[in-house]
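Asks: Here is how the chains run, residue by residue.
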Amino acid sequence: DQQVKQNSPSLSVQEGRISILNCDYTNSMFDYFLWYKKYPAEGPTFLISISSIKDKNEDGRFTVFLNKSAKHLSLHIVPSQPGDSAVYFCAAIHGSSNTGKLIFGQGTTLQVKP
Amino acid sequence: ETGVTQSPTHLIKTRGQQVTLRCSSQSGHNTVSWYQQALGQGPQFIFQYYREEENGRGNFPPRFSGLQFPNYSSELNVNALELDDSALYLCASSPGPYNEQFFGPGTRLTVL
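Going down the list, the sequences are from chains C and S.
The letter at position 2 of the first sequence is residue 2 when you use the numbering used here, and the numbering goes up by one with no holes.
The letter at position 46 of the second sequence is residue 1046 when you use the numbering used here, and the numbering goes up by one with no holes.
These are computed hints drawn from the structure, not numbers from a lab.
Among the clues, some could well be false.
Derived Cβ-Cβ restraints for the label pairs, each shown as a range [said to hold, decoys possible]:
1. LEU1083(S) x ALA41(C): 18 to 28 Å
2. LYS54(C) x THR1014(S): 41 to 51 Å
3. THR1014(S) x GLN2(C): 29 to 39 Å
4. ARG17(C) x PRO1070(S): 42 to 52 Å
5. ASN1071(S) x ARG17(C): 40 to 50 Å
Output of the computed footprint for chain C on chain S, the stretches with three or more beta carbons under 8 Å from beta carbons of chain C [unchecked claim]:
6. 1032-1046
7. 1054-1064
8. 1089-1103
Built from N, CA and C at the ideal position, the CB exists for glycine as well.
Sequences and hints are given; from them, build the entire structure.
Replies: If you want it as structure tokens, here you go:
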């Protein structure tokens, strides 16, 4: 039962353009969402997060949008840079969790072409 | 400040064997969470240790067990290895159970 889904396994964009990565979830009890970036041979690193009480959070080139009614979030990267090429994971935390356990999507591989 | 480290980097075992993976948490962190990442999938939560006690467990069988030591480093033990246990095992440390998790580079386990 995949509670967090990233339906696009890969995305390719040109340097300088916008990258939009999408994530859908099924559990309405999720109250915190995070995006992680992973390079080969490294662990995932935290990128940006959003609480369910907000619909947008921005940090530099990265913006996360949350649409609770649609159970959908997206990560926008503007402008995209070749160094952004990595696997991006969306993750959620259940509101009643006492562990902060992360429930991850399958990941989307982003390639930014120079 | 030293980040999260894991050992070994790679490991090859045969079906039925037992394996121990190790994780050193970041300085000041008292919580370690373990995840399994199968090929093409996102990481899946195995369990979490907080101040040397198990603080939550995902949907993994009892042959997956763990320990946390007084210095907050941790071990993941897997008994009776199966082919499907082949995966990247990630550990993440945090200042507390509900704080931001910092991941190590992982241990790649191959079961033949």
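Asks: Can you let me know if the beta-carbon spacing of LYS54(C) and THR1014(S) is within 41 to 51 Å?
Replies: Given a distance of about 50 Å, which is inside 41 to 51 Å, the answer is holds.
Asks: Using the Cβ atoms, figure out if ARG17(C) sits within 42 to 52 Å of PRO1070(S).
Replies: 51 Å, holds
Asks: Are three or more residues of the stretch 1054-1064 of chain S within 8 Å, CB to CB, of chain C?
Replies: With 3 residues closer than 8 Å to chain C, the stretch 1054-1064 of chain S meets the three-residue bar; holds.
Asks: Go ahead and decide if the range 18 to 28 Å is satisfied by the Cβ distance of LEU1083(S) to ALA41(C).
Replies: Given range 18 to 28 Å: holds, Cβ gap about 23 Å.
Asks: Do ASN1071(S) and ARG17(C) keep their Cβ atoms within the hinted range of 40 to 50 Å?
Replies: Holds - the Cβ-Cβ distance for ASN1071(S) and ARG17(C), about 47 Å, lies within 40 to 50 Å.
Asks: Count the residues of the stretch 1089-1103 of chain S whose CB lies closer than 8 Å to any CB of chain C, then report whether that count reaches three.
Replies: Per the Cβ count (10), the hint holds.
Asks: Checking C-beta pairs, does the stretch 1032-1046 of chain S have three or more residues closer than 8 Å to chain C?
Replies: Per the Cβ count (8), the hint holds.
Asks: How does the Cβ-Cβ distance of THR1014(S) and GLN2(C) compare with 29 to 39 Å: does it lie in that range?
Replies: 31 Å, holds
The structure fails none of the hints (numbered hints given earlier).
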